[in-house]
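Trainee: Here's the letter readout for the chains.
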Amino acid sequence: MATATLYLPAGKVTVDAAFREEVARLSGQPLELCFQCQKCASGCYPTREGDYTPNEIMRLIQYGAREAVLKSRTIWLCTSCETCGLRCPNGIRMAEVMDTLKQMAVARGIVPDGEISPLFHNLFLNEIRSTGRVQETMLMLKYRLKTGGLLADAKLGWQLFRRGKLPLVPRLKKDPAVRRIFELAGGRG
Amino acid sequence: MKYSYYPGCSLEATGVEYNLSTRAVAGALGMELVELPGWTCCGSSSAHAINRDLALGLAAHNIALAQEQGRDLVVPCSACYTRLSRADYQMRHDAGERVRAERLAGFSYTGQVRIYSFLEIVKDRVGYAEVTRAVRRPLAGLKVACYYGCLLVRPPEVRPFDRAEDPASLDELAAALGAEPVPWCYKTTCCGAGLSLTRPEVVGKLVARILSAAREAGAGALVTACPLCQNNLEMRRPADEDIPVFYFTELMGVALGLGEASGWLKKHLVDPFPLLHRLSLAG
Chain A
1 MATATLYLPA GKVTVDAAFR EEVARLSGQP LELCFQCQKC ASGCYPTREG DYTPNEIMRL
61 IQYGAREAVL KSRTIWLCTS CETCGLRCPN GIRMAEVMDT LKQMAVARGI VPDGEISPLF
121 HNLFLNEIRS TGRVQETMLM LKYRLKTGGL LADAKLGWQL FRRGKLPLVP RLKKDPAVRR
181 IFELAGGRG
Chain B
1 MKYSYYPGCS LEATGVEYNL STRAVAGALG MELVELPGWT CCGSSSAHAI NRDLALGLAA
61 HNIALAQEQG RDLVVPCSAC YTRLSRADYQ MRHDAGERVR AERLAGFSYT GQVRIYSFLE
121 IVKDRVGYAE VTRAVRRPLA GLKVACYYGC LLVRPPEVRP FDRAEDPASL DELAAALGAE
181 PVPWCYKTTC CGAGLSLTRP EVVGKLVARI LSAAREAGAG ALVTACPLCQ NNLEMRRPAD
241 EDIPVFYFTE LMGVALGLGE ASGWLKKHLV DPFPLLHRLS LAG
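Taken in order, these protein sequences are the chains called A and B. So in the working numbering, the last one in the first sequence is 189, and the numbering has no gaps at all. So in the working numbering, the last one in the second sequence is 283, and the numbering has no gaps at all.
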């Protein structure tokens, strides 16, 4: 598939039409219908902290700007709250698109500098794989150990613990059915 | 009525009072909730962000377990509810997805088990008129901003029990308990709970906006149906903010006069007792 270079406000981007087709196929969403009404962006608070609004991500996908999209911080700020998809006049479920982009970025090992969401998700999935359930106490401890911030939220952790909301009784039982799903899904964790 | 009950991981830890209050209220209203044997994590946000087969397979596995029990499944946690009901919707309406789910979870989908949020059960199976009849202590004077969060009512095709924009089921329940629900604009605005550990500075802004909007609308408290929202709204609130956030089941417990309610409320990070004492609703 042919590639080209475009000079956009976002900078110089290499475009590749195959990317648009891949995102459309994996997400199952009619990306070509987006006409930039920006209803998705106007309802989206978290991505205001990112590098692109959801409609800009959509335009970059239409251009085929693979690198710019998969390296974007915005995709990791999407909480899948589905406000965008509910309001889209063309029925595009942007949250499905964002999930697809996260999955593609992780599969290619692309993570923006300083972005720790993929690490968190992998710890979370590791917890499920080990015992079938997520023990929030263990997840929080492991996350803090991995990110080197044991003292961050230490006061909150203590407040939760004191109220019996972070139980320390570990669950050790393995769940073979869950292991099997991880094997079939080729899932990380 | 007898249901299978899926508490989910949060209800065993940070959302323990939601678990306790749901079970108590269900019992008081004559329902029997039987914990689903061997339930596992629904996959939550992490599965669908990383791997779509995991997201479908982990949810389908629990639907397979519920199918073995042969009873409808009640899910209090909005996040678990969204994952399980979405997987059910996919299997019910898309033959390709059903085949994929059946292979991943090793079962044969019958579609006989229906998945309900606990709020939906209270609204449609019990009925708010029946709830009002059971009230011993009307929540008079309590002004609440009902906070549905993002996952309870979206996407609309999977959530037929309430409107996706400006939902009303929690407001109507609050009124049935004798409280006064206030109109406000942030009913379904995401609180960012999924980013609470990784991006607390972003989440702090989202939470502050929601809590101050509830204040502006004249509410003395918020009511929610999601353990992630409840925890996030308390944990990431501004330092000078102390508006309590209740689970709807806790307010039901107080209104129904259940003695154990004070034990649940003591687990909150924001002490709700000053407000309840002021309105003579505690003790």
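It is worth saying that the hints were derived from the structure and are not from the lab. Warning: the hint list may mix true and false statements.
As the list claims (entries may be wrong) - Within a straight-line C-alpha distance of at most 27 angstroms, the following computed DSS-like cross-link-like pairs (lysine-lysine) qualify:
#1 B:K143 - B:K266
#2 A:K142 - A:K71
#3 A:K142 - B:K143
#4 A:K71 - A:K12
#5 A:K146 - A:K173
#6 A:K155 - A:K142
#7 B:K205 - B:K143
#8 A:K146 - B:K205
#9 A:K71 - A:K173
#10 A:K174 - A:K146
#11 A:K39 - A:K71
#12 B:K267 - A:K71
#13 A:K155 - B:K143
#14 B:K143 - B:K267
#15 A:K155 - B:K266
#16 B:K205 - B:K267
#17 B:K205 - A:K39
#18 A:K155 - B:K267
#19 A:K173 - A:K142
#20 A:K174 - A:K142
#21 A:K142 - B:K205
As the list claims (entries may be wrong) - Restraint-style ranges between C-beta atoms, simulated for each label pair:
#22 B:K205 - A:T5: 46 to 52 angstroms
#23 B:K205 - A:L145: 24 to 30 angstroms
#24 B:P138 - A:P170: 42 to 48 angstroms
#25 A:T5 - B:V270: 51 to 57 angstroms
Stated by the list, open to error - If you only want the chain A side, here are some residues facing chain B, beta carbon under 10 angstroms, derived:
#26 K12
#27 L77
#28 A95
#29 F120
#30 G164
Positions of the beta carbon are idealized from the N, C-alpha and C atoms, including for glycine.
Trainee: List, from low to high, the hint numbers that the structure doesn't satisfy.
Mentor: 3, 9, 12, 13, 22 and 26
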